[in-house]
Amino acid sequence: MSQEVILRVEELTKLYGARVGCRNVSFELCGAEVLAVVGESGSGKSTLLNCLSGQLPPSGGSLSYRGANGHWRDVLALSEPERRLLSRTEWAFVHQDPRDGLRMTVSAGGNVGERMMAVGARHYGTIRSTAADWLRQVEIPQDRLDDRPTAFSGGMRQRLQIARALATNPRLVFMDEPTGGLDVSVQARLLDLIRTLVNQFELSVILVTHDLAVARLLAHRMMVMKDGHVVESGLTDQVLDDPQHPYSQLLVSSILQT
Amino acid sequence: MSAVDDPTDLTLGSEGSDASVAEAKGDEQIADLSSDAGDDRIDETIDGYNFAYLDENTKRMIRRAILKAVAIPGYQTPFASREMPMPYGWGTGGVQVTAACLTPGDTLKVIDQGADDTTNAVSIRQFFEKTARVDTTTRTEDATVIQTRHRIPEKALTEDQIIVYQVPIPEPLRYLEPRETETRKMHALEEYGLMHVKLYEDISRHGHIATTYAYPVMVEDRYVTDPSPIPKFDNPKLSNSPALQLFGAGREQRIYAIPPYTKVKSLDFEDYPFDPGQWPQACALCGAEDSYLDEIITDDAGGRMFVCSDTDFCSRRRAEQDAAATSEEGEQ
Ligand SMILES: Nc1ncnc2c1ncn2[C@@H]1O[C@H](COP(=O)(O)OP(=O)(O)OP(=O)(O)O)[C@@H](O)[C@H]1O
Ligand SMILES: [Mg+2]
Ligand SMILES: [Zn+2]
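Protein chains in written order, with the working numbering: chain A, 1 to 258; chain B, 259 to 590.
In case anyone wonders, no lab produced these hints; they're calculated from the structure. Even glycine gets a Cβ: it sits at the ideal position worked out from N, Cα and C. Some hints could be false.
Stated by the list, open to error - What follows is a set of in silico ranges between Cβ atoms, one per label pair, in the way DEER data are often shown:
hint : chain 1 : residue 1 : chain 2 : residue 2 : range
1    : B       : Q536      : A       : P57       : 26 to 34 Å
2    : A       : G42       : B       : K443      : 37 to 45 Å
3    : B       : R509      : A       : M104      : 41 to 49 Å
4    : A       : T105      : B       : K443      : 40 to 48 Å
5    : A       : L56       : B       : L325      : 33 to 41 Å
6    : B       : Y519      : A       : R189      : 44 to 52 Å
7    : B       : K443      : A       : E4        : 28 to 36 Å
8    : A       : L56       : B       : A414      : 32 to 40 Å
9    : A       : G67       : B       : E438      : 55 to 63 Å
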């Protein structure tokens, strides 16, 4: 992990009317670092992730990102075209439900190729071979290149979504429960794959999960959220082995008991 | 801008009351016409209508949309499409644009799939003969306004001409993105990767770009545009044309334009360049080798031949050939 900070979050708050989505969240993320955001349902994980990834305008706070060119940018001040460009080049998002991240009526190759075409790729042969390469990376057989995701299993769809997200070599990937809703054995294989890809491409990842085992396996650091607040954060092993906040202790012990 | 966007804005001009009388009459006439649907839709009693059927306020509203469309080549401008005494799909968008463009001195040509004599073309031509009393013609070069469905004439157009296309679906991105809010954003932000996804899918499925009609184009390096269901064979004629090209979609309430001498590029890949296509044979009637051909069945035994779809082009070539043959005979 490089020690260079690429994302700086200060006092980020999102209110839904009077209801708190998340409040006063501050942290820094380094290059090639994986940060897990854990907490019970309704604790504000998705709200935070959607604010960070530019899909939801926060009510307050600041958010800066250091681009591949080394320059810091005030993400909240970006125009919509700039923000959308960022989210299809240096950033990527992996949804819990692959149907939210894939075009179900477009072939696997077209799905992976779309991001490349969106940033100007105009050579069919190159797009296709790059797409095929990505399918190999995510362990989808080459002969499924022209099949639509409707014909894929849940695990395969999720792997295709990851291939699509990574096809333009993003640096920062947002993932919301990427293994949720999958069988345990399918989950294990997917986690393995994510870990390999994250290492191989030195990705920075903000990963939302309510599964502490997923955090343990993938994340360098983690933040525990409750009622929209971050109650504890630190190195993953430290938080899991020696939780300080009573809520974290409860969370960890409840997992250990089951 | 707001006046153009607001379909209810009819405040320009002073003859508002006259116009509403004409409109009310129009509604009666529509009811009459739709009650005897099928055959000749335009009967002889249409006298008393405003020039070219539409009232002046409506034409003014449409002209404003046309001006905006011309100012932003390839951009789909909303307009308040009116009921016309013919069903959607019969070119109500094109008819309204033509009505808004016509002046008493104009000469109108109407074609459908290249032919002047199909039911659709004949009925639209008669409609304007009766409501606007303009001259009509089948000769491309004699027309000042040409309304068309599915073709561009073979004879090159000139600066003195306006060609009006009938458009069923104006949104080229709809095939992959049905949400209008999203496609508007894609146009605004020039996010056109999706258009190439469609072409990618074509090649991966068929080995080549199989789109042959309504082949998407990039207008003046800015807006991806649907050229209406003309064959891709006609796409090269869209680019740098001296004529003003207007597109009207009635049901979808959109007008867009390709002004004279505008750059129009058919989308493609570097390794699968746009190919307008061609025929291995010449026209069986006039021998043309560079025109768009239709296959026609000639007898019950499965006989078939390929002939020009542009009936004016083909018949006049044959007439010239006959005349040349006769004068040669005369000389001998
Ligand atoms: N669009 C919305 N409008 C109003 N309140 C919302 C909205 N989205 C989320 N909330 C509320 O904000 C809080 C945080 O919700 P959020 O979806 O971020 O939680 P989460 O940690 O992702 O939960 P889960 O694990 O169930 O996905 C909850 O109280 C939720 O009810
Ligand atoms: Mg959530
Ligand atoms: Zn011919």
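For each hint given before, does the structure comply? Return the numbers of the non-compliant ones in rising order. Of the numbered hints given earlier, those the structure breaks are 1, 2, 3, 4, 6, 8, 9, listed in rising order.
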